Each structure stands twice: as structure tokens, then as C-alpha cells.
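Note that the protein sequences, when read in sequence, are chains A and B.
To get my numbering, take the position in the first sequence, counting from 1, and add 35.
To get my numbering, take the position in the second sequence, counting from 1, and add 644.
Derived from the structure by calculation, the hints contain no laboratory data.
Keep in mind it's a predicted model, so treat the numbers as computed, not measured.
Check each hint, because a few of them may be wrong.
Claimed, not checked - To give an idea of the chain A side of the interface with chain B (calculated C-beta under 10 Å), a few residues:
# : residue
1 : G68
2 : Y72
3 : R130
4 : I149
Even for Gly, the Cβ is constructed at its ideal location relative to N, Cα and C.
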Amino acid sequence: AQKITQTQPGMFVQEKEAVTLDCTYDTSDPSYGLFWYKQPSSGEMIFLIYQGSYDQQNATEGRYSLNFQKARKSANLVISASQLGDSAMYFCAMREGGTGNQFYFGTGTSLTVIP
Amino acid sequence: DVKVTQSSRYLVKRTGEKVFLECVQDMDHENMFWYRQDPGLGLRLIYFSYDVKMKEKGDIPEGYSVSREKKERFSLILESASTNQTSMYLCASSSGTPELVGYTFGSGTRLTVV
Numbered sequence: 036a037q038k039i040t041q042t043q044p045g046m047f048v049q050e051k052e053a054v055t056l057d058c059t060y061d062t063s064d065p066s067y068g069l070f071w072y073k074q075p076s077s078g079e080m081i082f083l084i085y086q087g088s089y090d091q092q093n094a095t096e097g098r099y100s101l102n103f104q105k106a107r108k109s110a111n112l113v114i115s116a117s118q119l120g121d122s123a124m125y126f127c128a129m130r131e132g133g134t135g136n137q138f139y140f141g142t143g144t145s146l147t148v149i150p
Numbered sequence: 645d646v647k648v649t650q651s652s653r654y655l656v657k658r659t660g661e662k663v664f665l666e667c668v669q670d671m672d673h674e675n676m677f678w679y680r681q682d683p684g685l686g687l688r689l690i691y692f693s694y695d696v697k698m699k700e701k702g703d704i705p706e707g708y709s710v711s712r713e714k715k716e717r718f719s720l721i722l723e724s725a726s727t728n729q730t731s732m733y734l735c736a737s738s739s740g741t742p743e744l745v746g747y748t749f750g751s752g753t754r755l756t757v758v
């Protein structure tokens, strides 16, 4: 079974609007971390936001927030007030606490912000 | 500023050549990783290393080998390059502490095998 599932290969959003990128995960480890990375066309992976499995509140970093629903095993990224520079690939990833340091990545969502 | 540096951004090699992709980190991280990225497939783990001279196979190790002689350097080796190894290669490192911290990535190497 896939550890991380991103079901949206491509998304479009109007500039200044909010957008939600979906991510579901699969793990039996009680301790894990969920991450979102942004990859612009330059290729570099940029860390955006982190959510720990024991965190009670949803993580926020500026215009990014992570909608963490533990029972549903979902960790959706919400980008508010989209900007043209947000156009990029977005990857959801998980690191399990008990089985080493490997990350599992989703297949990514390509976000295009329309002016 | 802490960094993971990959020696080449773009590389073109011929089929059958032996190819070395170099990755250096300056954060004293224990863990280093090599991924390849292909459209629609996301990032797939090739090899990783928890310590000097240690290596573990990832999900797609066939056709690749690695070397970690020093803590800061992790090299990916394509023994005999083939066209199906044309891809984007990403190196990453992370701390070995128990906290679930993230990776730091290099800027990637786009390899084309002709």
C-alpha cells in the first residue's frame, strides 16, 4: 500500500484565492511526522511546513497551514492568498519515528496560479 | 547558511559510461539519501546511509551503487549508464536525532543519458 497518496496531479487557483492540496497517509507507527515541500521549476525542494503526530494543533507557517485530521489520516496543505510565485510542484511526505529515518513521498501536485 | 551541495546541476552522459554524482553537506548530519524523481512517480529512494561506510538499499537500487567514505560526502555511482536512468537526482541529508526533523535537499542534478 502507498504510504503517501496525493490524488491531484494538477490544480489551478486564481491569484489571491485559497487552495487546498490533498494528502492522505498510511502508517501504524504512533509517532510520525508529516511534511510539505515545494519544488519550483528550478528543481530545489523547499521545506514548507511540519506536523507531528502528537501535535494537538494544526501547524501554520505564514500563508501555509496544514489541516491535520488524524482519524482520517489526512494532512492537507492550505495556501491562503495565492501568489504567482506559488506555482510549483508540491510534495507531501512522511517520516515514521520507529523505523528509521526514511521519508516517504507522494507523487506530487502541480499547482498553477492564474493571474 | 547550511547546505547540501550537488556537484552538477545538469549532466549529459553516454550510454555505458560510469557516472559519479557527488553530494556534500556541511551540517554534520548522520543520514544521507539519494532519490530520483520522475514525472508522475514522485521521489523514489535509491540508497541511503546512516553513517560513514554504511549503506542501505532503497526502493530502486538496481543499476546504482553508493560510496560514503567521509561523513559529509555521499556519492551515487551509475556503473554503466543507460537511457532509462535519465532523471532528476536529488540528494538529501538529515539529523539522526530522535526528533522527527525534515530533510535538507540539494538543488538536484538533471542527468540525461544519450
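Hints and how they fare:
1. G68: This hint holds: A:G68 lies near chain B, its Cβ roughly 3 Å from the closest one there, short of 10 Å.
2. Y72: A:Y72 check passes; min Cβ-Cβ to chain B is 8 Å, inside 10 Å.
3. R130: This interface hint holds because 5 Å falls under the 10 Å limit.
4. I149: With a closest approach of 22 Å, the A:I149 hint is violated.
In terms of the numbered hints stated before, the structure departs from hint 4 and from no other.
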